[in-house]
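Sequential numbering of the sequence shown, starting at 1, is according to our numbering.
The set of hints was computed from the structure by calculation and includes no laboratory data. Ideal placement from N, C-alpha and C gives every residue a C-beta, glycine not left out. Not one of these hints is a red herring.
Derived DEER-like restraints, expressed as beta-carbon distance ranges:
1) Pro13 to Ile133: 23 to 33 Å
2) Pro13 to Arg34: 22 to 32 Å
3) Gln106 to Glu320: 37 to 47 Å
4) Gln106 to Asp27: 29 to 39 Å
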Amino acid sequence: MAFLFKRNPKTPPDLVRALNEQVVKIDTTTSDKRKIQDEIARYLTQIKIILHGDEDNDPQPDQIAQLAQEVYETDLLYYLVLNLQHLEFDSRKDVSTLFTTLLRRQIGNRSPTVDYLISKPKILNLLLKGPEIPEICLITGSILRHCLKIETLTKIILYEPIVWKYFEFSQRGTFENMTDSFQTLNDLFTIHKKLVSEWFNSFSTDFIIHINKLISSNNYVTRRQSIKLLSQLILTRQNNKFMMEYVNNPENLKLIMISLSDKSKNLQLESFNVFKVFVANPKKTKAISDILIKNRDKLLIFLENFNFNDKKDDPNFNEEKEFVIQQIQDLPRIVSTTSSSSVNLNNINNS
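Based on the sequences and whatever the hints tell you, model everything.
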């Protein structure tokens, strides 16, 4: 690929400026759009060689530094993401490579691209809007998850209002886009635990409403993923306040018990990981205790047959199961009556 330099010798700053010039006009051009796409692809290829080298060229730190500085000064990352939908597929992948390579770049203890993104939150906001344009969702999602590895960027992203739309993005579109959006949602709430714990102090109630909607979804994958995320968050030590809010709400218990009775063994297991926290809570509210008492016998029958082939030799699972059974056995036994506290467990299937 060295011929690219021979045919069109440009310095790294020249390449960035030339690329930026093409990118900013692609949205307003119709007749020459294909030509502009080809030019963008050519410049991105040359930039990728500067960053990573090829069979004839090793990457040169001074050239990378010049390139990065020009990227920041021209706001190239912003314009690339803004116009991502107008680029060809391979060019979109090259944009992802450029973005994530610069994101990892360090000078001593400094991360210049991270500092730049902190000063330009509009770029992060554009990435968050990616699922609104289905054809770029996977690219923006991948870039966004690289950003979520960095705590200072996650702190900005967490408080962007559009984050709430990811609960919707996880339920619409193609299977690949739904899965990608949920993976972003999962990473957002599981990587930087202390940061998320602080966020829950302000938004736990809203989060519970949104996660419960996912758990109530008709889509099996959505239900399983959302319950798994919920169990991770509830079992995270830093989220104790969030955990107590969730397990003290009787409507949440009813929802989890319904999921526990699903025909899917995998969904049953994920639901059990949340249900056991309700049972283990030593300070249950009266409403929670009432539901467990009214469903005592059904729960015991279900749990006695609650077995998984891949868990039969798992001491942790067996201990947890026995603990839950013992806790329910210790509840008062009453004559079963129909009430708002009774949950239909007749459809539990352990086959």
